Amino acid sequence: MKPILAVLLFTLASNLYAHQPVMDMAPRWNNGYGVQTRIEHANSETTTWLEGVYTFKPSLRMTLKVPQSNGEIGDAIFAMPIKRYKNAGAFTSNWGLTPSVRMPTGGGSKWDAGLSLSYSSESRKVYQLYDLYTLGDTTGVDINFGLVHADGKGSSWFTLWDITAKDSDSGQHLLSGPVLVYFKRNLILRAEYKFSAYDDDSQWDGDYFGFGVGLVY
Amino acid sequence: MFNKTIAIALLYALLSTPLLAQNYVVNVNGIVCEFCAYGVGKKIRKLPFIDPSQYDQGVKVDIENQRVFVALREDALLDKSALFKAIESGGYDPIDIQEIPNKESVEVIE
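If you read the sequences in order, they're chains A and B.
Numbering follows the numbering used here, with no gaps: position 31 of the first sequence is 31.
Just add 217 to wherever you are in the second sequence, counting from 1, and you've got the numbering used here.
Just so you know, these hints were derived from the structure itself, not from any lab.
Among the hints, erroneous ones may be present.
Taking lysine-lysine pairs in the DSSO-like style, the calculated list, with each CA pair at most 30 Å apart, reads [to be verified]:
id	chain 1	residue 1	chain 2	residue 2
1	A	LYS110	A	LYS153
2	B	LYS302	A	LYS125
3	B	LYS277	A	LYS57
4	A	LYS110	B	LYS297
5	B	LYS277	A	LYS125
6	A	LYS184	A	LYS125
7	A	LYS110	B	LYS302
8	B	LYS302	A	LYS86
9	A	LYS184	B	LYS302
10	A	LYS57	B	LYS302
11	B	LYS277	A	LYS110
12	A	LYS110	B	LYS263
The model shown is predicted, which means the values in this text are computed figures rather than measured ones.
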């Protein structure tokens, strides 16, 4: 394993962001819920994710993500993010532990278990997220960090940089690139582009494009 | 005797004055983002004593200084416990609360 990847611990996932909790930032409030759709283009294939989240209380959420590609439903992922928040002045942070299960809704018979350990924090100007995960026989790391620009009138921009690394039976790859997130009250938009910084993965080819839109209530 | 009469009169006047609706500002730990504000505002607006005709439907969140302004209806009294619970259910930690006596004071505090 190359040094840059050796520090990160990885494996395989059929989808790049299959492990991530839906909408890490919101809804954070009791009995909050949200829906989101994301369109990803990678490996010459476009996948549409339909995602839902329900927040029982800030420390416990439930998420469901269902992929669709070429008109066919893929394997859905159900997760229960457990979060511990810390609020201090102009700073908020949380540690998250997320058990998950990937269900064979795409026609197979294999069930996969997953677990994610994450930390994210936000101040008035800076946001960062670190997520170490394993799902099935895959292990990977996601890092988001960057600046927050809030207008004080209900909307904000996040200009982030993303580093995504993955190790699997098929090899390793490292992607990196900019992410733009926009919030307006309960609307969330996310656009990202990641170039392939390192690719020794027989099942990965080229860059990644993603766009998502979500609503939380 | 004269002073005692004045004191009693003042006390009576004070006690007989109806409690005017006040606005309040709550210092809240960690409320730094617009979607934090959305969640907290959503919870506070459900409280029965909030006046939706003021601020943004009764609530204004100052993420620059981690403060939440709430406006009370004229005929309502503040239920501090309910207000703090609403903020907590929005995901944040209220620290303390201060009265804002009138609109002019709001301008000063802001």
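Consistency of the hints with the structure:
Between A/LYS110 and A/LYS153 the CA atoms are separated by roughly 48 Å; this puts the pair beyond 30 Å, and the hint is violated. Annotation: proposed proximity of B/LYS302 to A/LYS125 holds, straight-line Cα distance about 27 Å (limit 30 Å). A C-alpha spacing of about 23 Å is found between B/LYS277 and A/LYS57, which places the hinted pair at or below 30 Å, so the restraint holds. For a cut-off of 30 Å, the pair hint linking A/LYS110 to B/LYS297 is broken: about 52 Å separates their Cα positions.
At roughly 20 Å between alpha-carbon atoms, B/LYS277 and A/LYS125 fall within 30 Å of each other, so this suggested pair holds. As the CA atoms of A/LYS184 and A/LYS125 are separated by approximately 17 Å, the hinted pair is consistent with the 30 Å bound. Between A/LYS110 and B/LYS302, the direct Cα distance comes to roughly 44 Å. Violation of the 30 Å bound is thereby established for this hinted pair. Between B/LYS302 and A/LYS86 the alpha-carbon distance is near 17 Å, which keeps this suggested pair within the 30 Å criterion.
Only pairs whose Cα atoms come within 30 Å are accepted, and A/LYS184 paired with B/LYS302 is accepted, the gap being roughly 25 Å. Note on A/LYS57 and B/LYS302: the hinted pairing holds, with a Cα-Cα distance of about 12 Å set against a maximum of 30 Å. For a cut-off of 30 Å, the pair hint linking B/LYS277 to A/LYS110 is broken: about 50 Å separates their Cα positions. Restraint check for A/LYS110 and B/LYS263: the C-alpha separation of about 45 Å exceeds 30 Å, so the hint is violated.
Checked against the numbered hints listed earlier, the structure breaks hints 1, 4, 7, 11, 12; every other hint is satisfied.
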